[in-house]
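Protein chains: 4
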Amino acid sequence: MSISLKKVQEHNTAQSCWVVIENKVYDVTEFLPEHPGGAKIILKYAGKDATSAYVPIHPPDALEKNLPLEKHLGALDATSAQELDNVRASKKKTQDEIRIEREQAKKPPLGRILSLNDMEIVARKVMPYGALAYYSSASDDELTHYENARAFSRFFFNARVMRKLSGCNLSTTVLGYKSALPIFVCGAALAKLGHPLGEANITQGAGQMGIIQMVSSNASLSYAEIAASRVTPDQVLFFQLYKHNNDAALKRIREVEQLGYKAIFLTVDAPVPGNRERDARATWEVDELEAEAGAPVTPSDAEVEVDTGGRAASLIANVDINMTWDETIPWLRSVTKLPIVIKGIQCVEDAVLAAEAGVDGILLSNHGGPTNDLIPGRQLPYSMPPMEILYRIRQRRPDLFDKMEIYIDGGITRGSDVVKAVCLGAKAVGLGRPFLYAQSAYGAAGVVKIIRILEREILMCMRLVGATSVNQLVPSMVERVDWHAVAPKL
Amino acid sequence: MSISLKKVQEHNTAQSCWVVIENKVYDVTEFLPEHPGGAKIILKYAGKDATSAYVPIHPPDALEKNLPLEKHLGALDATSAQELDNVRASKKKTQDEIRIEREQAKKPPLGRILSLNDMEIVARKVMPYGALAYYSSASDDELTHYENARAFSRFFFNARVMRKLSGCNLSTTVLGYKSALPIFVCGAALAKLGHPLGEANITQGAGQMGIIQMVSSNASLSYAEIAASRVTPDQVLFFQLYKHNNDAALKRIREVEQLGYKAIFLTVDAPVPGNRERDARATWEVDELEAEAGAPVTPSDAEVEVDTGGRAASLIANVDINMTWDETIPWLRSVTKLPIVIKGIQCVEDAVLAAEAGVDGILLSNHGGPTNDLIPGRQLPYSMPPMEILYRIRQRRPDLFDKMEIYIDGGITRGSDVVKAVCLGAKAVGLGRPFLYAQSAYGAAGVVKIIRILEREILMCMRLVGATSVNQLVPSMVERVDWHAVAPKL
Amino acid sequence: MSISLKKVQEHNTAQSCWVVIENKVYDVTEFLPEHPGGAKIILKYAGKDATSAYVPIHPPDALEKNLPLEKHLGALDATSAQELDNVRASKKKTQDEIRIEREQAKKPPLGRILSLNDMEIVARKVMPYGALAYYSSASDDELTHYENARAFSRFFFNARVMRKLSGCNLSTTVLGYKSALPIFVCGAALAKLGHPLGEANITQGAGQMGIIQMVSSNASLSYAEIAASRVTPDQVLFFQLYKHNNDAALKRIREVEQLGYKAIFLTVDAPVPGNRERDARATWEVDELEAEAGAPVTPSDAEVEVDTGGRAASLIANVDINMTWDETIPWLRSVTKLPIVIKGIQCVEDAVLAAEAGVDGILLSNHGGPTNDLIPGRQLPYSMPPMEILYRIRQRRPDLFDKMEIYIDGGITRGSDVVKAVCLGAKAVGLGRPFLYAQSAYGAAGVVKIIRILEREILMCMRLVGATSVNQLVPSMVERVDWHAVAPKL
Amino acid sequence: MSISLKKVQEHNTAQSCWVVIENKVYDVTEFLPEHPGGAKIILKYAGKDATSAYVPIHPPDALEKNLPLEKHLGALDATSAQELDNVRASKKKTQDEIRIEREQAKKPPLGRILSLNDMEIVARKVMPYGALAYYSSASDDELTHYENARAFSRFFFNARVMRKLSGCNLSTTVLGYKSALPIFVCGAALAKLGHPLGEANITQGAGQMGIIQMVSSNASLSYAEIAASRVTPDQVLFFQLYKHNNDAALKRIREVEQLGYKAIFLTVDAPVPGNRERDARATWEVDELEAEAGAPVTPSDAEVEVDTGGRAASLIANVDINMTWDETIPWLRSVTKLPIVIKGIQCVEDAVLAAEAGVDGILLSNHGGPTNDLIPGRQLPYSMPPMEILYRIRQRRPDLFDKMEIYIDGGITRGSDVVKAVCLGAKAVGLGRPFLYAQSAYGAAGVVKIIRILEREILMCMRLVGATSVNQLVPSMVERVDWHAVAPKL
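Chain order of the listed sequences is A, B, C and D. Under my numbering, residue 490 is the last one in the first sequence; the count climbs by one each step, no gaps. Under my numbering, residue 490 is the last one in the second sequence; the count climbs by one each step, no gaps. Under my numbering, residue 490 is the last one in the third sequence; the count climbs by one each step, no gaps. Under my numbering, residue 490 is the last one in the fourth sequence; the count climbs by one each step, no gaps.
Keep in mind that the hints were calculated from the coordinates and are not lab data. Among the hints, a few may not be true.
Stated by the list, open to error - Below 30 Å or equal to it, Euclidean Cα-Cα: the simulated DSBU-like pairs (lysine-lysine) are:
#1 B/Lys107 / A/Lys44
#2 D/Lys44 / A/Lys107
#3 D/Lys93 / C/Lys93
#4 A/Lys106 / D/Lys106
#5 B/Lys48 / B/Lys106
#6 D/Lys107 / C/Lys44
#7 D/Lys71 / A/Lys164
#8 B/Lys106 / A/Lys40
#9 B/Lys40 / C/Lys44
To be verified - Across the chosen pairs, the derived CB separations fall in these ranges:
#10 A/Lys164 / D/Asp402: 24 to 32 Å
#11 D/Val335 / A/Lys164: 40 to 48 Å
#12 D/Lys337 / C/Pro398: 56 to 64 Å
#13 A/Arg480 / B/Glu257: 51 to 59 Å
Unchecked claim - One side of the interface only, derived from the structure: several residues of chain D facing chain A at Cβ under 10 Å:
#14 Asn86
#15 Ala151
#16 Ile321
#17 Ile329
#18 Asp350
Glycine included, every Cβ here is placed at the ideal spot set by N, Cα and C.
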């Protein structure tokens, strides 16, 4: 059945809401209340072409999975499709697109990227303004991310000398799987915002360098596409589960099990959306930029969203906000044989409860940046930095390190950060945002690059503290000092 | 009896001082020594029209209450009234008025205000320079306000996960009265300086959102006008009492009792005026601004005032500076059945004495800004931040939380600040200055807006620490850290 | 005997060095090695007129006291005197003089000075560049002065409320002498550099306000002139003794005894000159300024002086660097009945020794600025701030407060600083540099002004902590905190 | 045998690599893998003239020592030599050379250098950009050097007064050899980069002032040339040994023994190269500077080097990375009678092991800057500052000070830093970078100058803390404070 654009335009209300995506027409009226991103953002495109807004943040199978087939109304008729193509072709470049082209032309060769910070600087220049806001915004006053990074600056090394250093081995295992370095990719999502190939860049880079990728529920590629991007069939992927109701969760688990994913990282620290200030501001600022350049601008309705966001929690309405140790973990155990890791432990008490619940691991995390879920800046301001939680577990409950694997993420920018965490007992360290920046700037090659930088830094650091394997990294090599070194810049 | 302006002009000395207010003539000669703001400021207008200086900082019933009727000399004659009207009509706009008009035109829509800080930024732009100085000045080097805010940055959360979060309830009670949020309006005065409707804006906004307003003795509307602005008859108001002599105090108490006010907050931390530097400077700076624009300027006599201010304490000559636990509290109990709260406790020792005196509550406060009384910047430099006092009570005398309600104010800018205080035992948290800014910028709608922002932030924060009601906020959820997070900017 | 300028010019070497001061000729050849400021500075004027360099830093009786009468060669002949006058009259204004005239014209009325900081800002503008360098330079990296001031920011108040506050009395006694405030003037010297009336300005102001002045051995007026400047005959002066050999010291002591000075403050923390970096730089910078303006400039020989300064200690060659508790104090006791205070105690151990030596008081001081002796910046970098020493005495040896009076100086800028020190046990607090700035900017009126500012601030602070007399200021009112408040700016 | 440039140009690959140095031709093909600086940097000059790159960083005997004589192929023929001379003569000045000439012309007279910081400022202006990068770069984010310097700011003095101060003696002994001051020159290398006379400047200056120089294995002059530069035959030199295999080490030891060097400082904290970020960037930045000025630029291959540097450790391939307490020290003892000092101890535990191994001394060091070995920035980020290690030894194992001499280096900029370290037990304090800067800016005179500055500062500081000899400097004179003084600027 072929449909005219005119017909589509008649369905431009919440009562009947049609949208066009890649020249196909969908009736999303009934889906509006279920949309994880809220109804409002869809209504902005009611009766219109939504392709450019939709594609970068949804996996290709999202419509198939979430919208009943009878709502897939069919293709636009040829005239209408042509009309849309014409509109797109004649569309003037936005100020942001012009800026990006200019910056892309000036981008340094990859060889000049010497640190993760260098990579972020490049990525920030070549990314769309909106994508940058998604990746980099953090909660109230951007404090949490900064504090996570700064926490590492309170730990100094007691380096040992006169030890045999030949044959240094950086590898470790995570849940029994080999990793070339004590790091893994931590649930970075929405990668297509930064680069058209999206999460596949990360899969490729991680595969080449022998580290494990944890794939977010909110990836902008399908889980299958990511699995298909692996360098070898036995490349290991983990799955970061945002649990909705049991049925939906089970469906996701079955899907990734069949695709060969090797573990479930249940996310427990994002039951509600955080403060979306920078994200909201980005929308306005882009509008203003275009307006200054003379473009006609439709006033954004972001105001309303922001204001109600906190109240109704509509944006992530489907996330299970009633998970408990008593019910959720046993249920999860009952439906899958995959190892279970709890992502988002933020205090010693909950680490103890996790061990008692018998999980295979915990990831100390306060959602250190906005990169690992759909809604940026979701975390708690003044949440305890993961490195501090790790330190407290080492001080108060060192027995926990024998009961399960413990990881941390958030604020890691140097190999020395990784080494410090491993000294205190972390089995491995997760990074998210740096991978998003790297793939945004240079695709898979950027991902390889930052892993090589970390490899070089970790190797140097291990040798200089006097260790030739990760199990020689011990707590006495790290000392929490009282003077607070100069911290990474905000 | 109708009076000519010429006649008024003859009474232009301390020996015989007449002033015109809204075309009526008053003989204030005998009142000069009693004026809480000092004689000098009145003498500036001796024999002249004082309307524009008088109206924004006095309630309409001030003359009636404070000046014997025989001193109400009568109206100006028609010619004189016309003459004054002409003067006012022909008066050139001041530089400050021009600036404000320009800024008002650029004011962002309310929807773009995402935080209390955003609101303050707007208010600072659209307010008269002098009003801003009143609202924002603080004592020596503005240290106290900054330290109050910074104190919160030393407390981090130990957030709990895997708890049922549906049905989060933010409400609490204050002295038995329901409050939609664990916050209340704290004695913000002189609101007419920022907005013509003054404190009524706050009453309206608080009523709509279900929180309680504590009304200052120094409100620029009459207590009756404020009571009449309530959204519903049962909207709760408290009264912040600046106690003068017993008779005057009794008169005030009787008045607010009859108007239905529900509690007395006795202010004990402002026995003497503080350092008025910024306020004094504002006067000069405004003069200079006008002078630069070519206006003839009468040299301000602020110099003398400032210099003598500290010595004679003339500015608040009538405040009772000899209150004691032994005499004042029993007397107050003897004259009113209303609950009594002591506002201005600044150390653990005095909290203990308050509990022993049997009061219903204490408000830990160091006059965190200049907004809650007539004279700005009244507080003690290097006074202990209320959040630190609260922490010390929790550490040393947790039993006090069972004996009376404990509140804090000063430096609150985020919902997370509120949650931290409630975790440590605060029954509720007072904010003053933010309400003054909000009403100055957007009237009652601004007041509603910042309450909604706080509501959103508190809700998010509670859920993310794992609580669904205020009584689930417990001390173990907060940890005083030793590294001093990045603090709010000065 | 009248001498020609030509004759003078022949004596322009170290072998025979004559100089002209106020048209009189002196042979200073034999005095060169004894000059406290070193020979080099005199040799710069060998065979020339030295009036403008000599007058601002020497008391009028210096020549009489230090140079045998036979070296007073006589007056210039009339022609020569006229010639010098002509030179002076035709001398082009220096860039610095032009700058000062411009700044003097813009100087704000005294009434606008609201804080000691305001005063310093004005003084820095209207003072000669070289004088400013003398007053404000401090040792290595200006650290010590800053740390002294910053030390106060670690002490917060536990303010008490509900206390009777009428009748607040700020007076105290120092060595039994009445002082209107718990402050005194601390050995500020070289006042003529900043104002032609010099130390007499301070004497006048202190007298009017009822506080005590400690007069430096290095005052730029004679001790007699200062005594003669007193407001009343019983105005109290103390004497800061830089002890040279016993005979010289005895001569000084006898002189001040006869002039009615009431105590001896023996300075023990300046046995050697400090690092003179800023002072040296000032010389060059002034030269460069003039050179830029086209003036012919004689290259300064400051380089050599600076370099040798440390080695030979020539600059203060006469100061006794072998004082001991066993010898010096008994000797001093044996020659004078005046009370003896040791100025410059810098640790608890020496405070104990001072008490054991039976002195009447100690002044905890690390030469907090360069204002209180001839050579600026004389102190030890990283010396312990006096406020910290006071705190340590209170913690470890509170008994010492009963054995002698203890004072502190260094870094005081606010009345709250004074109150904190008195709470911890200081009998009074010395200020030096602020008085130099005040008299430089406004003469005696400036001195009165800053005392009034301090009076106002101390009064406010005492009332707000709940005290009506200095003996109600007790240690429990002050708490050393661990967060380091924002400190005064460098 | 005379060789044409054309012939040389044919050998421009790794398979056959010839280079020209000072008009002589060398076949370095087989040497490529052994080059401590890596093969890549040589290959850049394969078939070309390498003189200007080679000379400033190699001692004259390097070719003789490291390249078999049969690879010294002979001189260029006259025409070729002339051709190269013409090339050099016609070479346009680089932007950096132009800048340096300009800065040299403005260089202040030596007399105006008042502090080590002044000296560094001048040196940074007059040095080639690349040399500066070598001298000043430090590891990740330049943190370590800054932290070393900042560590001193946590130590304040408890100064003593009333002590006899005449006859202050600053001398001490190091390993039994007299030193005029408790400082020594610490392994500064590559001095020719900054000044054509290189390390000889330092030898001359140290000799004149009576302090000891520790000569680096990587000096840019031969050990013999340095020995020949001594002021007197008995001037003491120590040798900093970078140990390669035993045979190579033995050869070096024998050489310096015969030259009269007096001790072996075995370097143990640089087993692997550090992060070379600034150094790599400098290369690019210089290229860009020239490119902007229109010069044709060959793209640098630094990218590849940087990236592989960490992995293969090729840059210092020959350094012994398997030294141990059990094997290396006994071996060293067996081959030499010279005293042995371990340079690079970074924690108390290793200090204990060193004492147990019976060495004569340890130098607490984290390679505080990049100045003391071939590859800049080699050290560990977040390594414990030496001053903190010294403090920990004093606290936990004061007995170690009796078992061996203990020194520190890193971050010293003031005489007060030296005095603090000596108070805590350091026998002497090493400085490296300041000597490189001093000789770069002013040659030997600069070296003398900074020693004199330190002498003046140490003397002043000792007297002001109440000591007249280094053994009167005791731990109680220094106190570690909790407030962290303002630190030296980054």
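Going through the hints against the structure:
1. B/Lys107 / A/Lys44: holds, 26 Å
2. D/Lys44 / A/Lys107: holds, 25 Å
3. D/Lys93 / C/Lys93: Measuring from Cα to Cα gives roughly 45 Å; hence the hint is violated.
4. A/Lys106 / D/Lys106: violated, 36 Å
5. B/Lys48 / B/Lys106: Distance ~36 Å between B/Lys48 and B/Lys106 Cα, so the pair is violated.
6. D/Lys107 / C/Lys44: holds, 25 Å
7. D/Lys71 / A/Lys164: Violated, at about 35 Å.
8. B/Lys106 / A/Lys40: Roughly 27 Å between the alpha carbons, so the hint for B/Lys106 and A/Lys40 holds.
9. B/Lys40 / C/Lys44: Not satisfied, since the Cα-Cα distance of roughly 58 Å exceeds 30 Å.
10. A/Lys164 / D/Asp402: 24 to 32 Å: holds, 31 Å
11. D/Val335 / A/Lys164: 40 to 48 Å: violated, 21 Å
12. D/Lys337 / C/Pro398: 56 to 64 Å: holds, 59 Å
13. A/Arg480 / B/Glu257: 51 to 59 Å: holds, 57 Å
14. Asn86: Hint on D/Asn86: violated, closest Cβ of chain A at ~34 Å, above 10 Å.
15. Ala151: Hint holds; D/Ala151 Cβ to chain A Cβ min 8 Å, cut 10 Å.
16. Ile321: Since chain A brings a Cβ to about 4 Å from D/Ile321, closer than 10 Å, the hint holds.
17. Ile329: Check passed: Cβ of D/Ile329 comes within 8 Å of chain A, closer than 10 Å.
18. Asp350: Constraint on D/Asp350 satisfied, holds at 6 Å.
Hints 3, 4, 5, 7, 9, 11 and 14 from the earlier list are contradicted by this structure; the remaining hints agree with it.
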